[in-house]
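Enquirer: Sequence:
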Amino acid sequence: MKKALIITVVLAITTTLFTACTQPAVQPDPVPPQENVTTEPGSQPSGNSSAKLAAEAKDAQGKLNGWIDNNSVEIEITPSDTLAFRVTDVLDQLEGIKDGDMVKFSYKANDQGQMIITKIEKLQ
Numbered sequence: 001m002k003k004a005l006i007i008t009v010v011l012a013i014t015t016t017l018f019t020a021c022t023q024p025a026v027q028p029d030p031v032p033p034q035e036n037v038t039t040e041p042g043s044q045p046s047g048n049s050s051a052k053l054a055a056e057a058k059d060a061q062g063k064l065n066g067w068i069d070n071n072s073v074e075i076e077i078t079p080s081d082t083l084a085f086r087v088t089d090v091l092d093q094l095e096g097i098k099d100g101d102m103v104k105f106s107y108k109a110n111d112q113g114q115m116i117i118t119k120i121e122k123l124q
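Each step along the sequence shown adds one to the number in this note's numbering, with nothing skipped, and position 57 is 57.
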C-alpha cells in the first residue's frame with residue numbers, strides 16, 4: 001500500500017515538473033517584404049529602405065570601419081546601415097586607406113547575395 005502511494009506521488013510530481021517546464025510553441029511574426037534600393041553616386045539610401053537590399057546599386061560612400069577578415073571589410077553607409085563587403089579583387093586599392101576613413105566605392109551583388117567591391121578610393 002505504501003509503495004503504491006509513493007509511486008503515485010512520484011509520478012504526479014514528475015508529470016507536473018515536465019508539464020511546467022515545457023514552453024508553448026510560438027509562431028514568429030512574418031517579415032514584410034522590402035523593396036530594392038538603387039543608390040546614385042554621392043547619395044545615400046534613405047527612408048524605410050535598407051542599404052542591405054541595394055543589390056542593384058553601383059556607387060556609394062561611407063566610413064570604413066575596418067577589416068572583418070582577409071577578404072572582407074565593414075563600411076558604415078548610414079548610421080543605421082553598416083554592411084560587409086568582399087574586397088578580394090581590390091586589395092591593392094585599399095593600400096593607404098585606414099579604419100575611419102571616408103571612402104567612395106562601387107559594388108555589385110554576386111549570385112550568393114554577397115556585396116563585392118569593384119572599385120574603392122579614399123575621399124579627401
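Please keep in mind that the hints were generated in silico from the structure rather than gathered at the bench.
One or more hints might be untrue.
What the hints assert, rightly or not - Listed next, with one range per pair, are the computed distances between beta-carbon atoms: (1) Val10 - Thr82: 23 to 29 Å; (2) Thr78 - Ala12: 54 to 60 Å; (3) Ile13 - Asn71: 53 to 59 Å; (4) Val9 - Ile68: 23 to 29 Å; (5) Phe18 - Gln112: 41 to 47 Å; (6) Asp69 - Gly96: 44 to 50 Å; (7) Thr82 - Thr16: 44 to 50 Å; (8) Gly66 - Asp111: 23 to 29 Å; (9) Leu11 - Ala109: 56 to 62 Å; (10) Thr88 - Lys122: 18 to 24 Å; (11) Val9 - Glu74: 55 to 61 Å.
Stated by the list, open to error - Here are the simulated DSS-like pairs of lysine-lysine, each with C-alpha atoms no more than 27 Å apart in a straight line: (12) Lys119 - Lys98; (13) Lys58 - Lys122; (14) Lys2 - Lys63.
Note that beta-carbon positions come from the ideal geometry of N, C-alpha and C, so glycine has one too.
Enquirer: It remains to establish, for every hint, whether it holds in the given structure.
Expert: Going through the hints against the structure:
1. A beta carbon spacing of about 55 Å between Val10 and Thr82 contradicts the range 23 to 29 Å that was offered as a hint.
2. Distance hint for Thr78 and Ala12: a CB-CB separation of about 59 Å, consistent with the stated range 54 to 60 Å.
3. Our hint of 53 to 59 Å for Ile13 and Asn71 holds, since their Cβ atoms are close to 56 Å apart.
4. Separation of Val9 from Ile68 is about 58 Å and departs from the stated range, judged on CB atoms against 23 to 29 Å.
5. Taking the beta carbon of each, Phe18 and Gln112 are about 43 Å apart, inside 41 to 47 Å as hinted.
6. For Asp69 paired with Gly96, a C-beta distance near 20 Å fails the hint of 44 to 50 Å.
7. In this structure, Thr82 and Thr16 meet the distance hint of 44 to 50 Å, their C-beta atoms being roughly 48 Å apart.
8. The beta-carbon spacing between Gly66 and Asp111, approximately 27 Å, falls within the hinted interval of 23 to 29 Å.
9. Taking the beta carbon of each, Leu11 and Ala109 are about 59 Å apart, inside 56 to 62 Å as hinted.
10. Between Thr88 and Lys122 the beta carbon distance is about 19 Å. The supplied range of 18 to 24 Å therefore holds.
11. For Val9 and Glu74, the hinted distance range of 55 to 61 Å is satisfied, since their beta carbons lie about 59 Å from each other.
12. Pair hint Lys119 plus Lys98 holds up; C-alpha atoms about 16 Å apart against a cutoff of 27 Å.
13. For the given pair, Lys58 sits about 17 Å from Lys122 by alpha-carbon distance, which is consistent with the 27 Å threshold.
14. Taking the CA atoms of Lys2 and Lys63, the gap is near 75 Å; set against the 27 Å cutoff, the hint is violated.
The structure fails to meet hints 1, 4, 6 and 14 from the earlier list, while all remaining hints are met.
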